[in-house]
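Visitor: Every position in the sequence shown, counted from 1, becomes a number in this note's numbering once 30 is added.
Derived from the structure by calculation, the hints contain no laboratory data.
Be aware that one or more of the hints could be misleading.
[What the hints assert, rightly or not] No more than 30 Å apart at the CA atoms, straight line, and that leaves these computed lysine-lysine pairs for DSS-like:
#1 Lys135 - Lys180
#2 Lys48 - Lys64
#3 Lys321 - Lys267
#4 Lys246 - Lys310
#5 Lys180 - Lys111
#6 Lys48 - Lys108
#7 Lys134 - Lys246
#8 Lys184 - Lys134
#9 Lys263 - Lys321
#10 Lys316 - Lys213
#11 Lys310 - Lys48
#12 Lys44 - Lys112
#13 Lys134 - Lys44
#14 Lys184 - Lys267
#15 Lys310 - Lys44
#16 Lys310 - Lys180
#17 Lys44 - Lys111
[Unchecked claim] Each pair of labels, with its calculated beta carbon distance range:
#18 Glu224 - Asp52: 38 to 46 Å
#19 Glu322 - Ser117: 27 to 35 Å
#20 Glu224 - Pro318: 19 to 27 Å
#21 Asn32 - Glu154: 35 to 43 Å
Backbone N, C-alpha and C fix where the C-beta goes; we use that ideal spot for every residue, glycine too.
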Amino acid sequence: MNIAISGGTGFVGKSLTKLLQDNGHQIFILTRNKSSYENGIHYVQWLTDGARPELELDNIDAIINLAGTSLNNGRWTKKQKKAIYTSRMDATLEIVRIMEELPKKPTVLVNASAVGIYPPSTSECYSENFNDYTTDFLGKTVYDWERHAKRAEKLNVRVALARFGVILGRDNGALPSMLLPYKMHVGGTIGSGEQWLSWIHVEDVARAIYFAITNKTIHGPFNVTAPNATNMKEFGKTIAEVMGRRHWLPVPSFVMRLALGEQSVLVLEGQRVLPSVLEKQYFDFKYPFLKEALEDIL
Numbered sequence: 031m032n033i034a035i036s037g038g039t040g041f042v043g044k045s046l047t048k049l050l051q052d053n054g055h056q057i058f059i060l061t062r063n064k065s066s067y068e069n070g071i072h073y074v075q076w077l078t079d080g081a082r083p084e085l086e087l088d089n090i091d092a093i094i095n096l097a098g099t100s101l102n103n104g105r106w107t108k109k110q111k112k113a114i115y116t117s118r119m120d121a122t123l124e125i126v127r128i129m130e131e132l133p134k135k136p137t138v139l140v141n142a143s144a145v146g147i148y149p150p151s152t153s154e155c156y157s158e159n160f161n162d163y164t165t166d167f168l169g170k171t172v173y174d175w176e177r178h179a180k181r182a183e184k185l186n187v188r189v190a191l192a193r194f195g196v197i198l199g200r201d202n203g204a205l206p207s208m209l210l211p212y213k214m215h216v217g218g219t220i221g222s223g224e225q226w227l228s229w230i231h232v233e234d235v236a237r238a239i240y241f242a243i244t245n246k247t248i249h250g251p252f253n254v255t256a257p258n259a260t261n262m263k264e265f266g267k268t269i270a271e272v273m274g275r276r277h278w279l280p281v282p283s284f285v286m287r288l289a290l291g292e293q294s295v296l297v298l299e300g301q302r303v304l305p306s307v308l309e310k311q312y313f314d315f316k317y318p319f320l321k322e323a324l325e326d327i328l
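Input sequences plus hints: build the corresponding full structure.
Guide: Right under this line is the structure:
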């Protein structure tokens with residue numbers, strides 16, 4: 031297949047690109063740089079003045095939209111929140127515009143999303159059927175993100191919305207900053223420790239996206255989380271066990287709020303999210319358990 035990826039040079043994009051290339055697919059990565067062809071990958075310029083990516087994507091079978099400013103890049107100032115929101119909306123609307131211009135439409139759009147659309151809770155367990163979404167900053171951002179992606183359905187394109195949990199990887203995502211206290215021998219429970227962390231190994235993220243491309247029954251939201259969520263206390267203890275460090279110095283919630291501001295919700299609040307759609311389609315998680323995932327990463 032010919033597959034276009036926005037955000038293809040990012041954390042998830044790199045893993046996905048490797049997986050797709052290993053399976054013999056032709057990759058087109060949307061970039062702000064000039065169009066080029068390197069290492070078997072077509073780089074297609076977009077989101078810049080005069081760019082006409084649709085002219086280079088006339089035979090695309092699938093599009094994966096991963097573009098958006100990272101949630102982990104510093105405090106959520108007013109400027110940063112605007113960048114988080116607008117980067118996702120602009121990229122998604124441009125994806126839809128490109129598809130409108132293509133004589134031959136791709137069969138599927140897999141659009142990134144997030145479990146932040148579900149309300150924080152220590153007692154609820156969320157599947158894709160839950161639709162009483164939260165209205166905080168993350169909830170509104172994810173809701174609008176998905177709403178814009180769904181515009182592609184009017185073009186008879188199958189739209190699959192990949193609601194990512196906390197993605198674990200060696201060099202990027204949330205994990206490196208969570209490991210730092212343990213490396214310094216001061217790791218411990220963050221906040222109450224009861225908040226849920228719906229995590230997933232980055233390799234399983236790439237595999238789930240590929241699965242959604244090839245499985246025609248997946249449309250609408252599908253949770254991209256491991257089947258065994260954990261609370262923050264157990265998450266920290268597992269990190270300590272795998273690293274051979276102590277889990278002993280708690281970090282109170284007010285300290286995290288002082289340090290991170292509104293961004294602290296990423297570690298102080300959470301949701302228990304089940305990958306019900308993937309499980310019903312018999313998706314095989316390579317890393318269903320946290321200890322195995324961390325052992326592979328670390």
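Visitor: Hints first: check each against the structure and report whether it holds.
Guide: Hint check:
Proximity of Lys135 to Lys180 is assessed by CA-CA distance (about 15 Å); at most 30 Å being required, the pair is judged to hold. Using a Cα cut-off of 30 Å, the hinted pair Lys48 and Lys64 holds, with the two alpha carbons roughly 22 Å apart. With a CA separation close to 10 Å, the supplied pair Lys321 and Lys267 stays within the 30 Å bound. Of the pairs offered as hints, the one joining Lys246 and Lys310 holds, with about 13 Å between alpha carbons and a cut-off of 30 Å not exceeded.
Restraint check: the Cα-Cα separation between Lys180 and Lys111 comes to about 23 Å, which is no more than 30 Å; the hinted pair holds. Distance check on the hinted pair: Lys48 and Lys108 sit about 35 Å apart at the alpha-carbon level, beyond 30 Å; violated. Between the alpha carbons of Lys134 and Lys246 the distance comes to roughly 18 Å, so the proposed pair stays at or under 30 Å and holds. With a C-alpha separation of about 14 Å, the suggested pair Lys184 and Lys134 falls inside the 30 Å cut-off, and the hint holds.
At roughly 14 Å between alpha-carbon atoms, Lys263 and Lys321 fall within 30 Å of each other, so this suggested pair holds. Distance hint between Lys316 and Lys213 is fulfilled; the C-alpha atoms sit about 27 Å from each other, no more than 30 Å. Only pairs whose Cα atoms come within 30 Å are accepted, and Lys310 paired with Lys48 is accepted, the gap being roughly 26 Å. The suggested pairing of Lys44 with Lys112 holds, with an alpha-carbon distance near 25 Å, which does not exceed 30 Å.
Straight-line distance between C-alpha atoms of Lys134 and Lys44 comes to about 27 Å, which keeps the hinted pair within the 30 Å bound. As the CA atoms of Lys184 and Lys267 are separated by approximately 48 Å, the hinted pair breaks the 30 Å bound. Between the alpha carbons of Lys310 and Lys44 the distance comes to roughly 27 Å, so the proposed pair stays at or under 30 Å and holds. Proposed proximity of Lys310 and Lys180 is supported: the alpha carbons are some 23 Å apart, at most 30 Å.
Of the supplied pair hints, the one linking Lys44 and Lys111 holds, its CA atoms being roughly 25 Å apart against a limit of 30 Å. Our hint of 38 to 46 Å for Glu224 and Asp52 holds, since their Cβ atoms are close to 40 Å apart. Distance hint check for Glu322 and Ser117: the Cβ-Cβ separation is about 33 Å, which falls inside the suggested range of 27 to 35 Å. For Glu224 and Pro318, the hinted distance range of 19 to 27 Å is satisfied, since their beta carbons lie about 22 Å from each other.
Evaluation of the 35 to 43 Å hint for Asn32 and Glu154 yields a pass: the beta carbon distance comes to about 41 Å.
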